[in-house]
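Each protein sequence line maps, in turn, to chains D and A.
When we follow my numbering, the leftmost residue of the first sequence carries the number 1, and every step to the right adds one.
When we follow my numbering, the leftmost residue of the second sequence carries the number 1001, and every step to the right adds one.
Just so you know, these hints were derived from the structure itself, not from any lab.
A portion of the hints provided could be inaccurate.
Facing chain D, according to a computed beta carbon distance under 8 Å, are these residues of chain A, among others [to be verified]:
#1 V1046
#2 H1101
#3 D1103
#4 E1158
#5 S1220
#6 D1269
#7 Y1368
Take a look, some chain A residues computed to stay more than 12 Å from chain D by CB distance [said to hold, decoys possible]:
#8 G1091
#9 S1095
#10 L1105
#11 D1107
#12 Y1115
#13 K1231
#14 G1333
Listed next, with one range per pair, are the computed distances between beta-carbon atoms [what the hints assert, rightly or not]:
#15 E59/D to L1327/A: 22 to 30 Å
#16 E1130/A to G52/D: 39 to 47 Å
#17 L1225/A to Y267/D: 24 to 32 Å
#18 N263/D to L1225/A: 32 to 40 Å
#19 G1200/A to P64/D: 52 to 60 Å
#20 N1186/A to R156/D: 45 to 53 Å
#21 E1119/A to G52/D: 26 to 34 Å
Here the structure is a predicted model, which means the values were calculated and not measured.
A virtual CB, placed ideally from N, CA and C, is assigned to each residue, including glycine.
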Amino acid sequence: MFRFHPSKLCVTAALITLAAQCRAYEVSIVVNRVDAKTRQALQRLEAAVSSGHHVEVFEMAAIPFGNPKEEGRRMAQIAAADLIVPVGGEASRFVVETLAQNKIFFVGATIVNGGSLESKRIGGLFAYSPEGWARAAKTISGEPSNLGLIYTPGFRPLAERLSLNSQNLGLKVFRQELRRKNEIVPAAMKILAQSSVFWVAGDTLLSGQLAFGYLASQALEMGIPVMAADRSLLSGGAFVVSDSDLPELADEAAPILSAFLSNGINYGEDRFFYPSKMRLKVNHKLASKMKIELPKGTSPVWIP
Amino acid sequence: MLNRVILISWEQNEGGYRMKRSLWPTAAALAFWSAAGSAPAGATVVFTGYADQRMTAYGMNKITGSAAVLSAVGVTETETKSTGFTLDALGFFASREINDHLDFLIDTTYRKVGYTTEEIRIQYAYLNYEAPAGWEVKSGKIPMPLGYFNENMFYPFERQAVAAPIFQGSILGLPIADWGVSVGKNVPIGGAQLSAVAYGVNGYGASNTAGTIFRPGLGSSGALLLGQNLKSTNTNDHLAGGGRLELAAFENQQVQIGGSWYRGAWAKDTSNQFAMYNSYVRWHPGPLDVLVEYLITRTDADLGVINFYGVGDWKSEGWFLESSYRLVQNSDGREMHVFAGAENTHAQGVGGGSGVEMLSNWKLGLSYRLNENLVFKGQLNRLEYSLPIQISGAADNVGLESNGALVGAVLTF
């Protein structure tokens, strides 16, 4: 006869938990389009993930947007995984916005929905780092060195770290957190009045075409250079934008992702990670117009 | 539930607790489920949808006929004009992948939305199993593989025209979907692919009017229409069934040629059958897209049509053409198409009777895709329809002429 004391339930539970942590996970990797750079990034990520786990790669370009019947089927295939890994700015933005109820580890996020970042299921490696932004701000701010930050609650961890790094470099930081669209104008007015360089968080609320266009035009009118999250904002008036190399980011993301999978795809204290090297792209026309001198060798890519 | 299972799983015994023997299978399944994680933690239902808003910019309907036939159907020769907005459909698709081979798909669509919604349709809801060897099994309320349009161009975001062909769309009732099972197999043959599918469904039953009536007569609910004859239960002990064979050019599937059929007893008397035979060609070279479908239906002993054709056995025969040409395609997703369509169907009694029902329609228009989520359409159309009415043993026709200008906006989300 099988006998079992309740205290042994704890052992059983622990074993089951261990089994869950060791089990093979289904991982959906989402990319915008498979090109040479993406292929390199994929190889590095797959090498980190594939041992013991089942990986499937999805191309956003193959999703039939505009046909909700087929689009839903394809999205359901992506969402069926235990973990979704969007790779690159566009894929990260798309997955974080549309599949926020899933566990997500993004690689190379630039602009994402800040509201979704508040979810404990979502984390990953950004394409930029607070340290890099702080060094860039120090270089372009001039005197007085006043950095203005505008961000949403989802970007608070990044903004706080950026503040700290900037203060360590001798910059004065003025920051404003906001949640709604109608807070953008008063927040921008308040921060821009005190800033010599302006950083706009990569939240879709702030870095969407309309909102960013307004922020950049206000800043430019006041002669303040704007630092923005994605290269698509360069044409919208950004002075300097994040322009990271996807294979490099994949190299940095691979060990983090591997550890994350070994930990039973549970985020610990830190959900957000930042690359050790950050690449920026500068609007040189704007630089000469605003008479901002950059260190030598900043063209075409600036690593602050 | 889980707590309850755990609570009842243990009973006190000397020296500890013993699991009830009958609960071992449950416990084993729970342990396996926990350890193996058969359902991925992140698996979710994905919702997408569409809204099809239409405006009748101009509508003119004219009823014609002799005094005798108009009197027989209780109308006068009239011409009416109309204009207005309508939300033709608001649909939500839910998709859930259960595992690599199995997913569940459902479409819930709201129609005739005003102060209240008059129709809520589950247009399809089925489990879809796809095996690696090209096998595909669907079970549930499945879109019937009849022709090409029904499965591939029914939704407004799948076609350029504002409205679907009238005979299939309104009389047969698109989408043609029914409860049952289908089994399909795709076989590559050289540079082409042969697809075969067979299915068994409840099938078309009698109308809501009476068990002896298949096609309801004038004055009945859903007069002349057959869409409501597809029911959730079978009305006799015979399943309806059919199949489709399709040959598709492999490269971009630019040409698809197919034939499909359906046959089933519609009444309690299983000798009374309803059958459909369809053939189609779709040709899609580059910017041009042409679909031609030919359909024959055959119905036995339908008391609903005796007043039309003089006999209960009747058949219909007809075709439709849907075509479009892409005029503009921009890299940002904007597209413009010109489209044209035509159809002609006639129906009459078999083995006697007199009178021919005739439907003829054409349409012409433009569609403009602003982005992946929004398409605007404009369409001119003309419908000519005539229905025979038996008066003193001979058929006289009541006619309907309809001209219209439709504007549509299809939003997908």
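Which of the numbered hints above does this structure break? The structure conflicts with hints 2, 5, 6, 7, 8, 9, 10, 11, 14, 16, 17, 18, 19 and 21, although it agrees with all the remaining ones.
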